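> Chains A and B, in that order, give the protein sequences. Here this note's numbering is used: the first residue of the first sequence is 1016, the next is one more, and so on. Here this note's numbering is used: the first residue of the second sequence is 1016, the next is one more, and so on.
Hints may contain errors.
It does not matter which identical chain is meant; a pair holds if it fits inside one copy or across any two.
With a straight-line cut-off of 25 Å between C-alpha atoms, the simulated SDA-like cross-links for lysine to any residue are [claimed, not checked]: (1) 1141 - 1203; (2) 1134 - 1152; (3) 1134 - 1052; (4) 1134 - 1043; (5) 1056 - 1190; (6) 1068 - 1176; (7) 1098 - 1174; (8) 1098 - 1199; (9) 1068 - 1191; (10) 1098 - 1088; (11) 1098 - 1122.
FYI, nobody ran anything at the bench for these hints, they're computed from the structure. The model shown is predicted, which means the values in this text are computed figures rather than measured ones.
Protein chains: 2
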Amino acid sequence: MLEELESEGQRTISSQGLAHQSGVTSAQVRKDLSYFGNFGKRGLGYGVSRLRKEIRLILGLNRRWRVALVGAGNIGSALYSYKEFRRQGFDIVGIFDVSADRVGQRWRELTIRHIDDLKDEAARLKMEIGVIAVPARAAQAVADRLVAAGMRGILNFAHRRIQVPPTVALRTVNISIELESLAFSIKGLHTKLPSEVSPRRSAS
Amino acid sequence: MLEELESEGQRTISSQGLAHQSGVTSAQVRKDLSYFGNFGKRGLGYGVSRLRKEIRLILGLNRRWRVALVGAGNIGSALYSYKEFRRQGFDIVGIFDVSADRVGQRWRELTIRHIDDLKDEAARLKMEIGVIAVPARAAQAVADRLVAAGMRGILNFAHRRIQVPPTVALRTVNISIELESLAFSIKGLHTKLPSEVSPRRSAS
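Please construct the entire structure, taking both the sequences and the accompanying hints into account.
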């Protein structure tokens, strides 16, 4: 939101303005931001450009991250084309797969490599984040290899819960589960179910 | 997981087996399933094929859903090619945009239409679910139009929190926020932060 405001030339915004646009209360905005520092001026609000920079710093987005993409199928291909990765500072510098059809293929400036090369390539190219875009049944084995290759964080797009050591950060994106939850919620909103099962609307 | 087991020819699975593969306890598996009915036989476990069908029924996936995709950009295009939608029973039957460059373009069997046609097309083609794949600043206006067009559920891929009436189901997929959370978690795992800020690992 701050990026949008900055691109529109807006210099400052009040906590009420931030609250209104982000769907939380202004008290919450002030409380959350005050946790990290003193960013606003009473009566003047927050400087849009400064606050954007401070938040990127807090989030660890004031640098670029080198990413290994494992899985050169449907999802892997969509992710590789997804501009948001690069815009947020995440550079896919290696692509890995096991399929003989895919290994050796060229995707723009990268050649798809065999997963057996992951460890050496990760060290050589200083990769820190692994993206898992493989079938569910292979997800845990790939996660184990990424951990062994020294990744500090994993973003999992496979349709399977995976386990990693507590020293490795993990986030999951599961579009199938969102679709299933959506169908279940719609069904719940329009049929009688015990109150415990009635779906809650997503908080975000 | 049940789909995988079925395709591998496995007939039955115990609650321990389900628990082991899904990363929860077997007591939780039994408790969750017993909420919806009596699917297992003591000592025999669950029939894989039957349980898969029952769960799809519970989730509302025993039918097909007709979907309106709004936003024919980068994300919209990736979603339209994403086979998981169709496999889960979600058929994109209309694509909408505002850009003069995109409206009128043909994507496989569909012609991209102007968002002003949404209401008429939604009624004509009996669309029930809207997928939002537009820039953040347009997300709420698109959500309002989808609600006005009678959608029962919305899947939001825009990078903005949206508000819908309680009669409409809402789910959000925000890859940017996952990337930001991942960066923040990695940073938190490797720097000293107040304990309240130290990242928790994602639950799923």
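> Determine for every hint whether it applies to the structure shown.
Quick rundown of the hints versus the structure:
no. : hint        : result
1   : 1141 - 1203 : between (48 Å within a copy, 19 Å between copies)
2   : 1134 - 1152 : within (21 Å within a copy, 41 Å between copies)
3   : 1134 - 1052 : neither (40 Å within a copy, 47 Å between copies)
4   : 1134 - 1043 : neither (44 Å within a copy, 37 Å between copies)
5   : 1056 - 1190 : neither (41 Å within a copy, 32 Å between copies)
6   : 1068 - 1176 : between (34 Å within a copy, 21 Å between copies)
7   : 1098 - 1174 : both (23 Å within a copy, 14 Å between copies)
8   : 1098 - 1199 : between (31 Å within a copy, 20 Å between copies)
9   : 1068 - 1191 : between (34 Å within a copy, 16 Å between copies)
10  : 1098 - 1088 : both (18 Å within a copy, 11 Å between copies)
11  : 1098 - 1122 : both (15 Å within a copy, 21 Å between copies)
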